[in-house]
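*Asks:* The number in this note's numbering is simply the position in the sequence shown, starting from 1, with 11 added.
Read the hints as simulated data drawn from the structure, not as lab findings. Keep in mind that the hints are not guaranteed to be accurate.
[What the hints assert, rightly or not] With a straight-line cut-off of 27 Å between C-alpha atoms, the simulated DSSO-like cross-links for lysine-lysine are:
| hint | residue 1 | residue 2 |
| --- | --- | --- |
| 1 | 186 | 23 |
| 2 | 90 | 43 |
| 3 | 186 | 199 |
| 4 | 97 | 186 |
| 5 | 20 | 199 |
| 6 | 107 | 198 |
| 7 | 186 | 38 |
| 8 | 40 | 72 |
| 9 | 107 | 20 |
| 10 | 198 | 78 |
| 11 | 173 | 78 |
| 12 | 38 | 72 |
| 13 | 171 | 38 |
| 14 | 72 | 174 |
| 15 | 173 | 38 |
| 16 | 38 | 174 |
| 17 | 40 | 199 |
| 18 | 38 | 20 |
| 19 | 199 | 72 |
| 20 | 186 | 198 |
| 21 | 43 | 171 |
| 22 | 78 | 199 |
| 23 | 166 | 97 |
| 24 | 198 | 20 |
| 25 | 199 | 34 |
| 26 | 72 | 23 |
| 27 | 40 | 187 |
| 28 | 199 | 107 |
| 29 | 90 | 34 |
| 30 | 171 | 107 |
| 31 | 40 | 174 |
| 32 | 43 | 173 |
| 33 | 187 | 174 |
| 34 | 166 | 20 |
| 35 | 199 | 38 |
Here the structure is a predicted model, which is why all the values come from computation and not from measurement.
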Amino acid sequence: MDCFECLEKIIKERRSHRFFIDKPVEKEKLEKILELAMWAPSAMNRQQWFFVVVNRERMQKLREVIKESYNSILPRLQKFFAGNPKVIDLTEQFFKTLGNAPIVIFVYYTPTGDDFADLQSVCASIQNLLLSAHALGLGTCWMTGPVYMEEEINKELGIKDKKLVAVIPLGYPAKKPPIPPRRDSDKKVLWMM
Numbered sequence: 012m013d014c015f016e017c018l019e020k021i022i023k024e025r026r027s028h029r030f031f032i033d034k035p036v037e038k039e040k041l042e043k044i045l046e047l048a049m050w051a052p053s054a055m056n057r058q059q060w061f062f063v064v065v066n067r068e069r070m071q072k073l074r075e076v077i078k079e080s081y082n083s084i085l086p087r088l089q090k091f092f093a094g095n096p097k098v099i100d101l102t103e104q105f106f107k108t109l110g111n112a113p114i115v116i117f118v119y120y121t122p123t124g125d126d127f128a129d130l131q132s133v134c135a136s137i138q139n140l141l142l143s144a145h146a147l148g149l150g151t152c153w154m155t156g157p158v159y160m161e162e163e164i165n166k167e168l169g170i171k172d173k174k175l176v177a178v179i180p181l182g183y184p185a186k187k188p189p190i191p192p193r194r195d196s197d198k199k200v201l202w203m204m
């Protein structure tokens, strides 16, 4: 398999995992994932991302804050999944337990005064993180709901002067999620060649 085929396979097989087995993640894998996350492109090469890696034991108080953040996203869930209450119930359960993830990564950026570019840069690093974790046999889930409780999360982590972008539970997957269908892919590109 050549490099492109390998990359294509990693991109197409990566899924959002919400259930993890009770197995610690090796520190070497975490270090490699974070190193590759920081190889993402960034606006004006500012590399303003910042990661806080928390293990299950240190998550006790944070878990309660994240559980509370579910109420902030409930109206959106009810709007988009009105016909599928199972998704709403599973999301609530995930916010309560984080799927038993042994590691949770809080992803921030250091504001430079250009929030739009800062956000784009850190999101590129998150994609690198997700793909790298998958390539190493780990599962992740990119959560944005907890951002509604940023002040409380920052207080628990002792973080100041940074902007929370995402919370990413990480661990060895307990099951393989189904492949979600691609939506109207023929309507997502306008060719003007």
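*Asks:* Now, for every hint given, state plainly whether the structure supports it.
*Replies:* Taking the hints in turn, this is what the structure says about them:
no. : hint      : in the structure
1   : 186 x 23  : holds (17 Å)
2   : 90 x 43   : violated (39 Å)
3   : 186 x 199 : violated (30 Å)
4   : 97 x 186  : holds (18 Å)
5   : 20 x 199  : holds (21 Å)
6   : 107 x 198 : violated (37 Å)
7   : 186 x 38  : holds (22 Å)
8   : 40 x 72   : holds (26 Å)
9   : 107 x 20  : violated (32 Å)
10  : 198 x 78  : violated (37 Å)
11  : 173 x 78  : holds (22 Å)
12  : 38 x 72   : holds (23 Å)
13  : 171 x 38  : holds (26 Å)
14  : 72 x 174  : holds (20 Å)
15  : 173 x 38  : holds (25 Å)
16  : 38 x 174  : holds (25 Å)
17  : 40 x 199  : violated (35 Å)
18  : 38 x 20   : holds (25 Å)
19  : 199 x 72  : violated (42 Å)
20  : 186 x 198 : violated (32 Å)
21  : 43 x 171  : holds (26 Å)
22  : 78 x 199  : violated (35 Å)
23  : 166 x 97  : violated (33 Å)
24  : 198 x 20  : holds (23 Å)
25  : 199 x 34  : violated (39 Å)
26  : 72 x 23   : violated (35 Å)
27  : 40 x 187  : holds (20 Å)
28  : 199 x 107 : violated (35 Å)
29  : 90 x 34   : violated (36 Å)
30  : 171 x 107 : holds (26 Å)
31  : 40 x 174  : holds (25 Å)
32  : 43 x 173  : holds (23 Å)
33  : 187 x 174 : violated (32 Å)
34  : 166 x 20  : violated (40 Å)
35  : 199 x 38  : violated (39 Å)
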